[in-house]
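Each chain is listed here by its residues.
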Amino acid sequence: MKKNNTITPAYVLRLFITGASPNSIRAVNNIKVICEKYIKDNYVLEIIDVYQQPAVAKNEQIIALPLLLKTHPFPVRRLIGNMSDTDKVLRGLDLDGKINTDTIDK
Amino acid sequence: MATVTRKKKKSVPSPPSFPKSLTGISGFDEITQGGLPKGRPTLICGEAGCGKTLFAMEFIVRGAVQYNEPGVFVAFEEKTDELAANVASLGFDLKKLIKQNKVRIDHVHIERSEIEETGEYDLDGLFIRLEHAIDSIGAKRVVLDTLENLFSGLNNEAILRAELRRLFQWLKEKNVTAIITGEKGTGMLTREGLEEYVSDCVVLLDHRVNNQISTRRLRVIKYRGSSHGTNEYPFLIDEDGISVLPVTSLKMEAKISSQRVSTGIPTLDEMLDGKGFFKGGSILVSGTAGTGKTSTAACFADAACKRNERCIYFAFEESPDQIIRNMLSIGVDLKKHIDNGLLKFHASRPTMYGLEMHLVVIYKMIKKFKPKTIILDPISNLITVGNVGEVKSILTRLIDFLQTQQITVMFTALALNNIVNEQTDEGVSSLVDAWILIRDIELNGERNRGLYIMKSRGMNHSNQVREFTITNKGLNLEEVYLGPDGILTGSSRQAHLLQQQTEALLLKHSLGRKDKEIGRKAKELQAKIATLTSEFESIQEELKNDFIEQELRKEVVQKNRAELISLRGNKKIK
Chain Z
1 MKKNNTITPA
11 YVLRLFITGA
21 SPNSIRAVNN
31 IKVICEKYIK
41 DNYVLEIIDV
51 YQQPAVAKNE
61 QIIALPLLLK
71 THPFPVRRLI
81 GNMSDTDKVL
91 RGLDLDGKIN
101 TDTIDK
Chain F
107 MATVTRKKKK
117 SVPSPPSFPK
127 SLTGISGFDE
137 ITQGGLPKGR
147 PTLICGEAGC
157 GKTLFAMEFI
167 VRGAVQYNEP
177 GVFVAFEEKT
187 DELAANVASL
197 GFDLKKLIKQ
207 NKVRIDHVHI
217 ERSEIEETGE
227 YDLDGLFIRL
237 EHAIDSIGAK
247 RVVLDTLENL
257 FSGLNNEAIL
267 RAELRRLFQW
277 LKEKNVTAII
287 TGEKGTGMLT
297 REGLEEYVSD
307 CVVLLDHRVN
317 NQISTRRLRV
327 IKYRGSSHGT
337 NEYPFLIDED
347 GISVLPVTSL
357 KMEAKISSQR
367 VSTGIPTLDE
377 MLDGKGFFKG
387 GSILVSGTAG
397 TGKTSTAACF
407 ADAACKRNER
417 CIYFAFEESP
427 DQIIRNMLSI
437 GVDLKKHIDN
447 GLLKFHASRP
457 TMYGLEMHLV
467 VIYKMIKKFK
477 PKTIILDPIS
487 NLITVGNVGE
497 VKSILTRLID
507 FLQTQQITVM
517 FTALALNNIV
527 NEQTDEGVSS
537 LVDAWILIRD
547 IELNGERNRG
557 LYIMKSRGMN
567 HSNQVREFTI
577 TNKGLNLEEV
587 YLGPDGILTG
597 SSRQAHLLQQ
607 QTEALLLKHS
617 LGRKDKEIGR
627 KAKELQAKIA
637 TLTSEFESIQ
647 EELKNDFIEQ
657 ELRKEVVQKN
667 RAELISLRGN
677 KKIK
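Line by line, the protein sequences give chains Z and F.
Take 1 as the starting number for the first sequence in the numbering used here and just add one per residue.
Take 107 as the starting number for the second sequence in the numbering used here and just add one per residue.
Keep in mind the hints are simulated off the structure, nothing from the lab.
Even for Gly, the Cβ is constructed at its ideal location relative to N, Cα and C.
You may find that some hints are simply not true.
With a straight-line cut-off of 30 Å between C-alpha atoms, the simulated DSS-like cross-links for lysine-lysine are [as the list claims (entries may be wrong)]:
1) Z:Lys58 / F:Lys470
2) F:Lys290 / Z:Lys58
3) Z:Lys58 / F:Lys634
4) F:Lys201 / Z:Lys58
5) F:Lys278 / Z:Lys58
6) Z:Lys58 / F:Lys205
7) F:Lys280 / Z:Lys58
8) F:Lys629 / F:Lys665
Label pairs and their calculated CB-CB ranges [said to hold, decoys possible]:
9) F:Glu136 / Z:Pro22: 47 to 53 Å
10) F:Ala154 / Z:Gly19: 23 to 29 Å
11) F:Gln206 / Z:Asp41: 29 to 35 Å
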């Protein structure tokens with residue numbers, strides 16, 4: 001989890017994963033890279049293991065995993081998958097236009 | 107995963123008694139001989155509005171309430187509140203069951219516009235939710251309604267299909283009895299071919315409209331490891347939920363009774379050996395319009411209620427109030443039986459629903475009210491919703507069912523005047539045990555009713571045509587009246603009777619006059635005899651007097667002569 005103490009972060013993200021499954025690990029790595037690259041110091045990322053908190057699956061309407069939930073800024077978006085398709089991740093985070101996918105692990 | 111399945115199938119030989127899970131849905135457990143396969147998924151498919159969700163919900167609720175098997179309902183379409191409101195009309199208190207931890211409802215919301223697919227994923231979220239729900243209440247039953255919604259929310263079909271396969275396998279491992287509902291697709295049982303994954307049991311629900319009348323039907327397409335009814339069974343959704351009607355037990359093994367029940371018309375009882383019909387028998391009363399079929403039926407119902415037996419009157423033509431009012435005019439008070447809870451009316455237009463539905467309704471009402479007698483008035487109207495063959499098949503099944511329940515049934519049927527169709531009363535005339543025919547007899551410008559018994563199995567019955575009269579004191583059958591020109595009915599019978607009475611009176615009168623004349627003659631004769639006797643007596647007396655006179659004279663003469671002689675002699679002698 002990374003936080004910027006000086007200003008209120010614009011991006012509030014929660015990543016739901018299932019333990020140490022391959023998709024989960026890749027998703028965590030990928031989203032970290034994207035965040036660091038495009039919205040550095042401007043985001044909050046919380047990583048939640050659904051296995052540890054099964055009740056959260058119902059409360060957050062989770063079906064497919066891994067899931068990245070962007071609650072802020074609006075609109076709320078749900079990104080599913082291992083975050084390997086950077087274009088789509090950026091589109092989901094409303095970051096289109098700043099495309100540079102060189103460092104993404106596919 | 108496929109190999110695992112195959113291995114399992116090989117290693118587990120089919121057990122002698124296939125474990126099943128009762129659904130509690132009336133009739134369905136009978137068709138499937140015990141319910142759905144226990145611990146396996148079942149697919150319920152059908153078009154929109156055919157009752158899939160209700161079927162699944164009833165499975166869950168009845169399981170929780172009746173069989174103490176908690177259940178999880180995963181709703182992809184409706185929210186918890188909506189579901190609770192929908193089933194509240196069936197008397198299920200879903201919220202209470204949720205509070206008691208007997209049912210858990212999980213609404214799965216998928217909104218495509220919110221979702222961006224960014225690579226490989228799986229449905230672990232669904233699995234975790236399901237597992238959490240199952241474990242939290244110890245669920246034995248699971249419903250996934252409608253799983254195919256996943257396909258509209260997620261794009262990657264390859265992942266979905268693989269995950270579904272894993273899901274069904276997982277459900278089996280969890281040993282929960284599951285229902286998966288799926289919308290019917292073109293050329294396939296379900297739109298996404300779910301039947302490919304759920305191979306143990308498939309049930310198809312159908313909602314068909316024929317002649318503008320809808321009928322719901324259910325068919326078990328497949329039931330691996332168990333025998334099951336293969337027909338299409340009609341089913342009904344009403345305030346008690348779903349009821350399926352297994353209607354094909356045509357085994358003819360029903361027990362029969364030799365007890366008799368009165369017809370409610372004493373004179374008709376006389377025609378039937380003096381005792382009436384057999385209990386549990388079926389009776390057909392047919393006749394042309396206005397011959398008193400309904401009155402006969404009402405009398406029969408009245409008699410049943412007077413014996414303190416329950417009776418249901420299915421009216422397809424008149425409203426209950428109308429029948430009650432009309433029957434009061436012939437002295438049959440049905441209202442009081444209704445108030446006593448012995449009589450129940452069920453009035454419905456034949457076109458209200460399909461034939462099968464009528465049968466389901468009748469079946470259900472009988473199960474609930476437990477009558478000894480039922481009346482269907484008239485069955486001819488059912489023709490409007492089906493053809494003769496269908497009506498016959500329905501009635502056959504009904505009679506069959508009633509026989510097993512030992513319920514006496516009376517049908518009324520309208521026979522058309524213009525056709526000689528005594529044998530075609532909806533084709534049931536050969537099925538029924540007794541058949542009473544009421545006919546019009548037109549004579550001398552008036553119409554009278556003639557009643558006779560066409561058949562009455564197993565008893566002596568009158569072969570005569572009786573005149574059937576409907577009076578304000580009830581129904582009656584007049585004695586057969588044979589006039590000089592055959593049977594007389596109505597006013598001609600009465601005229602003939604009157605004429606006979608006059609003749610008898612006249613005869614009596616004339617006889618009296620003759621008797622008097624004879625009397626007088628006798629008196630006259632006696633008087634004459636008296637005079638003659640007295641004449642004779644006087645003559646006799648006269649004759650007697652003469653005789654005495656002569657005797658006296660003779661005596662006197664002799665005396666005188668003797669004196670004279672003596673006088674003369676003295677002188678001579680001297």
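These are the hints, each one checked on the structure:
no., hint, in the structure
1, Z:Lys58 / F:Lys470, "41 Å, violated"
2, F:Lys290 / Z:Lys58, "28 Å, holds"
3, Z:Lys58 / F:Lys634, "137 Å, violated"
4, F:Lys201 / Z:Lys58, "18 Å, holds"
5, F:Lys278 / Z:Lys58, "22 Å, holds"
6, Z:Lys58 / F:Lys205, "17 Å, holds"
7, F:Lys280 / Z:Lys58, "19 Å, holds"
8, F:Lys629 / F:Lys665, "54 Å, violated"
9, F:Glu136 / Z:Pro22: 47 to 53 Å, "50 Å, holds"
10, F:Ala154 / Z:Gly19: 23 to 29 Å, "39 Å, violated"
11, F:Gln206 / Z:Asp41: 29 to 35 Å, "51 Å, violated"
Checked against the numbered hints given earlier, the structure breaks hints 1, 3, 8, 10 and 11 and satisfies all the rest.
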